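Novice: Listed below, chain by chain, are the residues.
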Amino acid sequence: MSEIVKVGMADLNVCVSPNAITTLGLGSCVGIVLYDASSKIAGLVHVMLPDSNKIRNNENVAKFADTGIDALIDKMKLLGANRTRLVAKIAGGAQMFAFNANNDMLRVGDRNVEASKQKLNALGIRILAEDTGLNYGRTIVFYPENGELHIKSVGKPLIIL
Amino acid sequence: MSNINLDQMDSMQFDVLKEIGNIGAGNATTALSTMINGKIDMDVPIVDLLEFKELPEMIGGAENIVVGILITLEGEINGMMMFIMDTTSAFNLVNILMGKSLSQFEDFSEMELSALQEIGNIIAGAYLSSLSTLTNIRIDASIPYMSIDMAGAILSVPAIEFGKMGDKALLIETQFCKDDSDVKGFFILIPTLESYNIILASLGL
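Chains as they are written, first to last, in the working numbering: chain A, 1 to 161; chain B, 1001 to 1205.
Because the hints were derived from the structure by calculation, they are not lab data.
None of these values were measured; they are calculated from a predicted model.
All C-beta atoms, glycine included, are put in the ideal place defined by N, C-alpha and C.
Some hints here could point you the wrong way.
Derived CB-CB ranges, DEER-like [stated by the list, open to error]: (1) 1060/B / 74/A: 33 to 41 Å; (2) 1012/B / 126/A: 48 to 56 Å; (3) 150/A / 1114/B: 47 to 55 Å; (4) 150/A / 1100/B: 32 to 40 Å; (5) 156/A / 1095/B: 21 to 29 Å; (6) 160/A / 1114/B: 33 to 41 Å; (7) 74/A / 1109/B: 51 to 59 Å; (8) 122/A / 1099/B: 53 to 61 Å.
Some chain A residues well away from chain B (every beta-carbon gap over 10 Å; in silico) [unchecked claim]: (9) 25; (10) 60; (11) 139; (12) 154; (13) 157.
Just so you have them, the derived chain A footprint on chain B, three or more residues with Cβ under 8 Å [claimed, not checked]: (14) 1041-1050; (15) 1113-1126; (16) 1151-1159.
Next comes chain A alone, as it looks inside the complex (with noise of 0.2 Å):
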C-alpha cells in the first residue's frame, strides 16, 4: 500500500515511488518539487520567504527558497537521488488579499516566486511546469510514479501538471 508524505510550513521531506508527497493549503508560500524520474525519487519543500540572507533569525533552513532548495537536494541525494537528473515542479505563491500592490510585505507570494525560480536557474535544474500566482489557496500532491503533479484549490477543477 503506498502511503502519501506531508510536508508542513517550512518543512521538507521526500519520498519514493509508489508513495506520494503532499502539502496542504499552500497561500504565498511556494511548493517546489524536484525529482528524478529514474530512481523514482521525488522531494517537496514549502518555502514561506525568498531570502535567507535577509532575515537574521534563519536557522530553520526549509523556510526560505534558496537555503530550502539546497537542504532538499542533500536529502534526495542520501536516498539515492541523481543530482544532475533533477527536474523542478513548482506551485503557490499567491497573493490572498488583494491590497495595493505598493506594500512590499504584500508582494511575498510573487518574490517567493521569483527567488525559487532564481535558485533553480542557478543550479540548472529544469522547471518543467508552474502554477502560480493568482489569488487562491492551492492543496499540492505529487506522484513520483509517473511524475504528475496534481494541484487542488476550492471550487475549481483538478489541474495536472
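Assemble the complex: chain A is given as a structure, and chain B must be docked to it using the hints.
Specialist: Just chain B, lined up with the frame of chain A:
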C-alpha cells in the same frame, strides 16, 4: 528598549501580550454585542505561541475553509492584524446580524459578503483601539480585506510575517456565543519586529 525574540520570550513579555489579547478580545465582543443589539457571552481567550506546522490545525486543518479578514497597520506601529473564523461561525454571525438562515457561501450575495467584511472590520477595529489606548500609541488601520479559502493558504499571510522574526506565531483564540449560535474566532496580531519592541517599551518593559 526591550529586544524581543518570539521563540525565546520571557514569561513577563508573554503575559503582557496575552493581556493585550484579553482586553482586545473583550472590546471586540462588546462592539459585536452593540452591533447586534443583544447579549453576547465570551469565553476567556486562549493565547498561544505556536509553531507554523501547528497553526492550521488550530482552525480545523490546512484544507478547512475559513474566512480571513486582514487589516494592515501603519502609523507608529507597522504590521498586520487578522481575524479568522470557520465557516459555521461566519454563517452564524451573518445570520444573527441579518436575520437570515444561510448555510453556504453560494447563497451569499454582495450584501452578506460585505456584512461579513464589516463585522470583521468592527471586531478588528475594537481590538486595535484597545491596544492603542493601552499603549498610548497611534495605530492607523487600513480598510479590511477579506478572503475565503483554505486555512493553510489564509494563514500563510501572517505566518510569513512571523517567519521574518522566528519560527512561531502568536495566536489569540476567542469564542463568543449568542443563545445557541457559537462564533469562534482567532485574532492574529503581527506587528513588525520593531513594532513589538515599541509596544513592549510603551508598557515599560
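Novice: Compare the structure with each hint and give your call.
Specialist: Checked hints:
Separated by about 34 Å at the C-beta atoms, residue 1060/B and residue 74/A satisfy the suggested range of 33 to 41 Å. At roughly 52 Å, the beta-carbon separation of residue 1012/B and residue 126/A lies within the given 48 to 56 Å, and the hint holds. With their beta carbons about 35 Å apart, residue 150/A and residue 1114/B fall outside the hinted range of 47 to 55 Å. At about 37 Å, the beta-carbon gap between residue 150/A and residue 1100/B stays in the expected band of 32 to 40 Å.
Take residue 156/A and residue 1095/B: their Cβ atoms lie about 27 Å apart, and the range 21 to 29 Å holds. For residue 160/A and residue 1114/B, the hinted distance range of 33 to 41 Å is satisfied, since their beta carbons lie about 36 Å from each other. Against the hinted window of 51 to 59 Å, the Cβ-Cβ separation of residue 74/A and residue 1109/B comes to about 52 Å, which satisfies the hint. Taken as a hint, the range 53 to 61 Å holds for the pair residue 122/A and residue 1099/B, whose Cβ atoms sit roughly 59 Å apart.
Annotated as non-interface, residue 25/A brings its C-beta within 10 Å of a C-beta of chain B; the closest such distance is 2 Å. At roughly 5 Å, the least C-beta separation between residue 60/A and chain B is not larger than 10 Å, which violates its mark as non-interface. Non-interface call for residue 139/A relative to chain B: violated, since the shortest CB-CB distance, roughly 6 Å, does not exceed 10 Å. Not every CB of chain B lies more than 10 Å from the CB of residue 154/A, the least distance being 6 Å, so the non-interface label is violated.
Every CB of chain B lies more than 10 Å from the CB of residue 157/A, the least distance being 16 Å, so the non-interface label holds. Interface restraint, the region 1041-1050 of chain B with chain A: violated (0 residues with C-beta to C-beta distance below 8 Å; minimum three). Only residues whose C-beta sits within less than 8 Å of a C-beta in chain A count toward coverage, and the region 1113-1126 of chain B has 0 of them, not enough to reach three; the restraint is violated. Coverage of the region 1151-1159 of chain B by chain A holds in this model, with 8 residues showing a Cβ closer than 8 Å to a Cβ of that chain against a need of three.
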